[in-house]
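Visitor: Chains A and P are the protein sequences, given in the same order. Residue numbers for the first sequence follow UniProt numbering, beginning at 1 and rising by one. Residue numbers for the second sequence follow UniProt numbering, beginning at 1 and rising by one.
Note that these hints are calculated values from the structure, not bench results. Note that beta-carbon positions come from the ideal geometry of N, C-alpha and C, so glycine has one too. Careful, some of the hints might be misleading.
Now the stretches of chain P that chain A is said to cover, found in silico as 3 or more residues with beta-carbon under 8 Å [what the hints assert, rightly or not]: (1) 4 to 10; (2) 35 to 46; (3) 108 to 122; (4) 170 to 181.
List of simulated lysine-lysine pairs, DSS-like, C-alpha gap at most 27 Å [to be verified]: (5) A:K167 / P:K42; (6) P:K91 / A:K167; (7) P:K42 / A:K150; (8) P:K70 / A:K184; (9) A:K7 / A:K150; (10) A:K180 / A:K150; (11) A:K180 / P:K70.
From the derived model, a few chain A residues whose C-beta atoms are all more than 10 Å from chain P [as the list claims (entries may be wrong)]: (12) P37; (13) E52; (14) A61; (15) W72; (16) Q73; (17) K91; (18) A101; (19) A104; (20) Q126; (21) E153; (22) Q174.
There are 2 protein chains.
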Amino acid sequence: MFSDIVKANRSYRRFFEQEAVTRDTLLTLVDYARLVPSGANKQALRYYIACEQPLNGQIFATLGWAGYLKEWQGPVAGERPAAYIVIVQEKGYKMGTSFDAGIAAQTILLGATEIGLGGCMIGNIQHAKLQAVLNLADSFEILLVIALGKPKEKVTIEEIETDGDIKYWRDENQVHHVPKRQLKDIVII
Amino acid sequence: MFSDIVKANRSYRRFFEQEAVTRDTLLTLVDYARLVPSGANKQALRYYIACEQPLNGQIFATLGWAGYLKEWQGPVAGERPAAYIVIVQEKGYKMGTSFDAGIAAQTILLGATEIGLGGCMIGNIQHAKLQAVLNLADSFEILLVIALGKPKEKVTIEEIETDGDIKYWRDENQVHHVPKRQLKDIVII
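Only chain A is shown next, with the shape it has when bound in the complex (with noise of 0.2 Å):
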């Protein structure tokens, strides 16, 4: 059921880094945000796909981790990501890349929770290193990282009252909590 994987489809930060994300599953994912709307059908999104050492560890020292917990630096050595998509767009397109990049993310990681995977989209990005790391030509925007994995870690949603926190946190065991909104107050009457 598609609600099972919406469910299932949490943000993940922490891996078995060393269960491999292979190149072929990598373009199945990309293959699958091939085919997802884009605005006036422009498809001005790229995919850059890395699953290897040493690019996988240049690529995570562009990333800022889960801004709201202060005492957390990311996942460590063997927690780390084993794969990534950069999603990047030609610039000089004026339009709808920015919705594109987010239909085109999603269904990604729709995809990776089917088959077991889990991922985070990250937008805290050092572009211009990101840019360089991937020896990305000029022509390129990096909108968006997704980050892929083996999760490691235990994700829960807890129902917040109207205008209650958003800030996700971790318990002493460090199951990562994320408060969502209820349905009532997302729904405008």
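Let chain A serve as the given structure and place chain P on it in line with the hints.
Guide: Leaving out everything else, chain P in the frame of chain A:
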């Protein structure tokens, strides 16, 4: 299989308008969007749902359809959407909301596809007019409209060569053809 849903999730613009989409169905779809990733978990999106006349017709009158089909003014009466989900955001949120809207809209459409519905994300909106139709407070900004219904048209994907024309087109049988780039042209090596 998730891949089947992704493939079946085309942008549909003609519907069996008399086949109702209930409010409960719309709430189920919005509940999927409630659980998706959100930039910094801010959850700034809100959802206005409509599944009845005269509201449906009033929303329809604010939308532009299929920009590349110059001869086509949009679906005729009887083939118009049976429902709409309008994605709006609370103004004053600084981050993440354009990614968020794509993430949410795609999740809604994939969920609709699973239950035999289809639809189209529409960004060509007369914003002020729709704001008035929905009686939306000034504190909300309209981001995207999702038109929904039981699809009444066939949509096929055509693979295009590198830098091929991305404009969709209709053949003499009113089949809608959508050119999509090939995998090799969207993956950066």
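Visitor: Taking the earlier hints as the rules, which of them does this structure contradict?
Guide: Hints 8, 11, 12, 18 and 19 contradicted; others consistent.
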